[in-house]
Amino acid sequence: MKKLMPWIGWTLLAIIVVAVIVNLIVAVNVPTAIMEATINKKFNYPSNQWIFEPPITDNSTDVVRPAPDDIYSICVYDVSQHPLRVTSMTTEYWTISAFAMNTDNFFNLTSSQAKANPVEVVFVSRGMTYQDPTGKAQVVTAPSDKGILMITMVAPNQDAMPGILQVQKQTTAELVK
Amino acid sequence: MIDIKTIFKVLIVAAIALVAGAIIGFVTVNPIANFVTSSSNVSNGPWSTNYAYGSSGANPYVKAWVAENGLMAVSSSLSLYLDAYTDDNGQPLAGNCDYVIQGPAPKSGYWNITLYNENGFLIANDQNRYSFSSTDIQFEPDGTFKIYLSGTQKQGNWLPTGNAKTLNVYLRLHDSTAYSNAAALKAAVLPNIIKGGCQ
Numbered sequence: 003m004k005k006l007m008p009w010i011g012w013t014l015l016a017i018i019v020v021a022v023i024v025n026l027i028v029a030v031n032v033p034t035a036i037m038e039a040t041i042n043k044k045f046n047y048p049s050n051q052w053i054f055e056p057p058i059t060d061n062s063t064d065v066v067r068p069a070p071d072d073i074y075s076i077c078v079y080d081v082s083q084h085p086l087r088v089t090s091m092t093t094e095y096w097t098i099s100a101f102a103m104n105t106d107n108f109f110n111l112t113s114s115q116a117k118a119n120p121v122e123v124v125f126v127s128r129g130m131t132y133q134d135p136t137g138k139a140q141v142v143t144a145p146s147d148k149g150i151l152m153i154t155m156v157a158p159n160q161d162a163m164p165g166i167l168q169v170q171k172q173t174t175a176e177l178v179k
Numbered sequence: 019m020i021d022i023k024t025i026f027k028v029l030i031v032a033a034i035a036l037v038a039g040a041i042i043g044f045v046t047v048n049p050i051a052n053f054v055t056s057s058s059n060v061s062n063g064p065w066s067t068n069y070a071y072g073s074s075g076a077n078p079y080v081k082a083w084v085a086e087n088g089l090m091a092v093s094s095s096l097s098l099y100l101d102a103y104t105d106d107n108g109q110p111l112a113g114n115c116d117y118v119i120q121g122p123a124p125k126s127g128y129w130n131i132t133l134y135n136e137n138g139f140l141i142a143n144d145q146n147r148y149s150f151s152s153t154d155i156q157f158e159p160d161g162t163f164k165i166y167l168s169g170t171q172k173q174g175n176w177l178p179t180g181n182a183k184t185l186n187v188y189l190r191l192h193d194s195t196a197y198s199n200a201a202a203l204k205a206a207v208l209p210n211i212i213k214g215g216c217q
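Protein chains in written order, with this note's numbering: chain A, 3 to 179; chain B, 19 to 217.
The set of hints was computed from the structure by calculation and includes no laboratory data.
Be aware that a few hints might be false.
In silico EDC-like links for lysine to aspartate or glutamate, alpha-carbon gap of 20 Å or less [claimed, not checked]:
id, chain 1, residue 1, chain 2, residue 2
1, A, Lys43, B, Glu86
2, B, Lys125, A, Asp60
3, B, Lys125, B, Asp160
Counterexamples of contact, computed for chain A against chain B with all Cβ distances above 10 Å [as the list claims (entries may be wrong)]:
id, residue
4, Met7
5, Val30
6, Glu122
7, Ala139
Note that beta-carbon positions come from the ideal geometry of N, C-alpha and C, so glycine has one too.
Start from the sequences and build out the full structure, keeping to the hints where you can.
Spelled out as C-alpha cells, the structure:
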C-alpha cells in the first residue's frame, strides 16, 4: 500500500488538472455551440434575410422567457463576403441588437438613440473597410462573420399590434456587393 | 533507466486521469456556471439580475449560463431584466399557491411584468393574459399597483398560473437609467411578492 500512495497522489493530481482544463474548454465553447445549434435548428433560414416572427403566444418556444408584447424579427447574418445593409423603420420602443457567435451582444441601438427614421446600419466583417456612400448608415464591425441580428418592437397594447406588424414587415437586409 | 513497470504505471495514471478528468470536467460545467453566475447576481428582495449579461467582458461561465438560460440576452445598458423565482420570504414560487406582486411603479420609460412556468415559457390560459405593462395595468388610486398570480380568477390585474408547477416572474425595464448600476438597484424600492394561500 505504501508503494502505491505516491501513484494515487499523482493520479488524483492529474485528474484535477485534466478536469480543470476540460471544464474551461467546454465552458468557453458552450456559447458558440449553442448559437450554432440555434441557427441550425431554430433559425434554419437563408442568411441575410429577415424572418418576421409572429406575435408571442403560449406556443412560442423559440426563445426562453419571451416578452409577449415584443414583436421580434430575426436575421442570421453572414458578412464573410460582403457587408450587410439593414434598414428598419422605428417605433416608440424599438431596438436592434447584434449577437456574435459567442453570444456577445456587440451592438445595440434604440429608437431614442436613432438619429433618423428609418434607421440604416451596415455590418461588416473584421478587416473589411467600408465607406457608406449615402452617409446615412452607421457602420458596425461584427466580431464574428456569422451571428444573429434581432429587432424588437414593443406593442404597448393590443390595439397597437396591427400597426407595429405592418412596420415590422418594412425591415430589409441586403448584401452590399 | 526507467523500467517497463514504471512506464506502464505512468500510462495507467495518464489514462485514468484523461478519462476521469474529462468526465468530471464536463459534468461540472453546469453547476459551476450556475454558481459563478448566481454569485455575481445583484439582488433586491426577490428580484435579481446580472449586469454582465450580454457583455463581451463577462467571464466564460456567465456566458455559458446565459447561452443555456437566456440566449440573446441584451446588455443591461439597453434593457434591464430582473427575475424572481421566490417570494419576499425566499420561498420558491409554487404553481399551486397565490401571490400578490405589489408596489410602486418601477422607474422606467416602459416596464412589463411577465409570468413564466418552470420551463421559462408563457402559461396557457383562456384569457391569453401573460403580462401587464406600464401602459395596460390598472393602478391603485395612490399610484401603486397589484398583480395577482392565481389559478382562480381575481378582480383587477390577474395573471393565471394554469397548470404550472413552479413560477418565475420577469420585470423588464426599457429606457431606464434609474437602476444603471448595482448600488442603484440595491437601493431601489421594487415591488414585493407576497404569498397568499395554497391549494
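Here is what the structure says about each hint:
Distance hint between lysine 43(A) and glutamate 86(B) is fulfilled; the C-alpha atoms sit about 15 Å from each other, no more than 20 Å. For the given pair, lysine 125(B) sits about 28 Å from aspartate 60(A) by alpha-carbon distance, which is inconsistent with the 20 Å threshold. A hinted pair counts as satisfied when its Cα atoms are at most 20 Å apart, and lysine 125(B) with aspartate 160(B) qualifies at roughly 16 Å. Distance check for methionine 7(A) against chain B: the nearest CB is about 13 Å away, which clears 10 Å, and the non-interface claim stands.
At roughly 5 Å, the least C-beta separation between valine 30(A) and chain B is not larger than 10 Å, which violates its mark as non-interface. The beta carbon of glutamate 122(A) is kept farther than 10 Å from every beta carbon of chain B, the shortest such distance being approximately 19 Å. Once the 10 Å rule is applied to beta carbons, alanine 139(A) is consistent with being away from chain B; the minimum gap is 20 Å.
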